[in-house]
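K.L.:
Generate coordinates for the entire structure from the input sequences, incorporating the hints supplied.
Sequence order for the protein chains is A and B.
With this note's numbering applied, the first sequence corresponds to residues 82 to 409, in that order.
With this note's numbering applied, the second sequence corresponds to residues -18 to 330, in that order.
If you are wondering where the hints come from, they were derived from the structure by calculation, not from laboratory data.
It is possible that part of the hints are untrue.
Pulled a few chain A residues facing chain B out of the computed Cβ check, cut under 8 Å [unchecked claim]:
{"#": "1", "residue": "138"}
{"#": "2", "residue": "142"}
{"#": "3", "residue": "186"}
{"#": "4", "residue": "188"}
{"#": "5", "residue": "189"}
{"#": "6", "residue": "273"}
{"#": "7", "residue": "274"}
{"#": "8", "residue": "278"}
{"#": "9", "residue": "279"}
{"#": "10", "residue": "383"}
Since this is a predicted model, take the numbers as computed values, not measurements.
A virtual CB, placed ideally from N, CA and C, is assigned to each residue, including glycine.
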Amino acid sequence: MSQMMYWEALRRAHDEELSHDPLVIVMGEDIGIAGGTYKATQGLYDKYGPERVIDTPISENGYTGLGIGASFVGVKPIIEIMSVNFAWLATDQIINTAAKVRYMSGGQLGAPVVIRSPGGTAHQLGAQHSARMEKVFMGIAGLRVVTPSNPRQAYGLLKSAVRCADPVFINEHELMYNMKGEVPDEEFFHPLEGSEVVRQGRDLTLFGYNISVHWCLQAAEVLSKEHGIEAEVVDLYALSPLDREGIKASVARTHKAIIAEEAEAPVGVGAEVMAIFNEECFFELDAPPIRVSAANVPIPYNHKLEKAAIPSARDVIAAALSLFPGKH
Amino acid sequence: MKVMPGYAQQGVAENDSALLSVTDKKRLLREMLYARRFEERCYEAYVERKIGGFLHLYSGEEACAHGVLEAARPGYDYVMTSYRDHIHAIKCGSDPRKVMAELFAKEGGTCKGRGGSMHIFDVEHRFMGGYALVGGPFPLAAGIAKGIKMKGGDEISICFLGDAANNQGTFHESLNMAKVWDLPVLYVCENNLYGIGTRIDRSTAVQDQYKRAAAYDIPATQVDGQDVEVVYAAAKQAIEHVRSGNGPYFLELMTYRYRGHSMSDSNAYRSKDEERSWLKRDPIHILRNRLIDSQDLTLSEFKDMDKAIIEEIENEVIAYAEQSPEPAVEDLEKYVLAENDPYVHGGAS
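P.N.:
Next up, the structure:
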């Protein structure tokens, strides 16, 4: 087990997969000579050459479509979209082609591409660099969506995504690339489905994914130390398909539930998880479940406004305490 | 034939008829006539409500797909196109019975009734799909070319699309990448002068589409798309360019569709005079008359051929499509994702 940063874990997965299969390629803006905006492909251009580590023009729909077309004939492209805000431009090829081609060809043709992209609000990047899109992609049949919350997942999910025959969208976060964590030294493949209980507790469940897992863990510590409330934390690293059984099992243990997401609430991950609470856990719940979500605004530039728009561990704590009226 | 300055193509117009043997020409005539009868039978089946959804017919444009693919290696080269895709698939080697069964939404169709008229796929014959988003295949075809190049094969990628697709961003993004990376892709523009119901001069600043390829330094030619021999000759040169590793090529074929954009089209945007003038340049008649003039065919032989085709379509193609079962409702969710992929659960290790 070694400590490494999230970007280093991604870089290692890229390197191993490029080395394992000559038909694996990496494509994206500034991922070659420059090594990637977040260093996920650092040094790989020199190692594997310009035919396999490809600096693309700024044509998100075009190069995503090109990667999808290449995947039709056996190439395994890892497509990096520098910011998820730019992936809106590639939704045509991702949704209309990659997600649907297996079905509409009656199973003849698949699009085994990986599309990696950081979403989320970083520091004062403004409305057009702070969006999240996982809510869009997780509603599209034929597409898998995963979202690593730590370096181990970043490594193992990318490894499995490259080998998987389905198109996989990997939702990352601009603020998480320098996060440190343990990654096994031996090669491993993380499941693309399921969820993970990352903290055990009997009083309520805090569901999170990607960055909000960390708010939930911080909140759980405070709830335990200051309020005597033991929270279970569940990491929903797979957003499509969502782990219905895992969600149901946790709520059956704790009978109270919160889902925390960085995105705005409407038609979101939280909305979907709330629907699962309703459909699967209605009689297990001792209190109405709560969504912790962003304000429904384009993300502002002003730092104070930006902070106010995005939830944090404090919002998760406040939501949790509201479920225990006696414990304030 | 018009050629972009700086991209002189020689000998195409002069030697057209010398390139194909009489046997080949007679076979092509039969294939194009078969295509016409196939499409016209689709029209009837649509009216009879045997075919649902949207139906886009190729009648009038037969010389384009047949001329280009005759010069290519159908079943070996990768081909994709738009939603007007039945005939391209058949020329690539698809069984017409399976294409018709797909239109009839049957399990025996090319895509087991999941695709429909706009989404014919036949990967075994390297027909890589009909796509319903205008301009969608541009980058996909470039991607197939990237794959060919990586694997070191001598196949090429051929992408047929209409003139109106060139007003999509994917046209520009894809031609740019194809040139920057020297990809073995042939873009064939079937210029039928209308984007759905809007005439090209009302929607498009530069009406000669081959000129637009110059923006990406891609050699381009514009030729008559109604004369299959002219198309064949131009395609032969274009394909040789691409297959020899010289990068992409753009071939514009001037053509006309007799039916509306789709079956739901009133055709009110075109004059009868215009339609009549194009009917005089029917691709089947051009080749038929040439073969009759050279005494290689008689009118009665042609009529017999036509009769045999109509019967074959009825007795074999339509009968197969009628008899094929519908997909089972229990299989509704099949083909959404790959089956039993070990990496979904963390790999085999």
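K.L.:
Decide, hint by hint, whether the structure agrees.
P.N.:
Structure-based check of each hint:
1. Checking residue 138 (chain A) against chain B by beta carbon gives a least distance of about 6 Å; that is within 8 Å, so the hint holds.
2. At about 6 Å, the closest approach between the beta carbon of residue 142 (chain A) and any beta carbon in chain B falls short of 8 Å, and the interface hint on this residue holds.
3. With a cut of 8 Å, the hint placing residue 186 (chain A) at the interface with chain B holds, because the nearest CB-to-CB distance is about 4 Å.
4. A cut of 8 Å between beta carbons decides the hint on residue 188 (chain A): the least distance to chain B is about 4 Å, and the hint holds.
5. Hint status for residue 189 (chain A): holds, given a least beta-carbon distance of 4 Å to chain B, under 8 Å.
6. Contact between residue 273 (chain A) and chain B, as hinted, is supported at the beta carbon level, the nearest pair being about 5 Å apart and thus within 8 Å.
7. Using the Cβ-Cβ criterion of 8 Å, the hint placing residue 274 (chain A) at the interface with chain B is satisfied: the shortest such distance is roughly 6 Å.
8. Annotation: interface hint on residue 278 (chain A) violated; nearest CB of chain B at approximately 17 Å, more than 8 Å.
9. Violation of the interface hint for residue 279 (chain A) is found here, the shortest Cβ-Cβ separation to chain B being roughly 17 Å, above the 8 Å cut-off.
10. Checking residue 383 (chain A) against chain B: minimum C-beta separation of about 33 Å lies over 8 Å; hint violated.
Violated hints, listed in ascending order, are 8, 9 and 10; each of the other numbered hints is respected by the structure.
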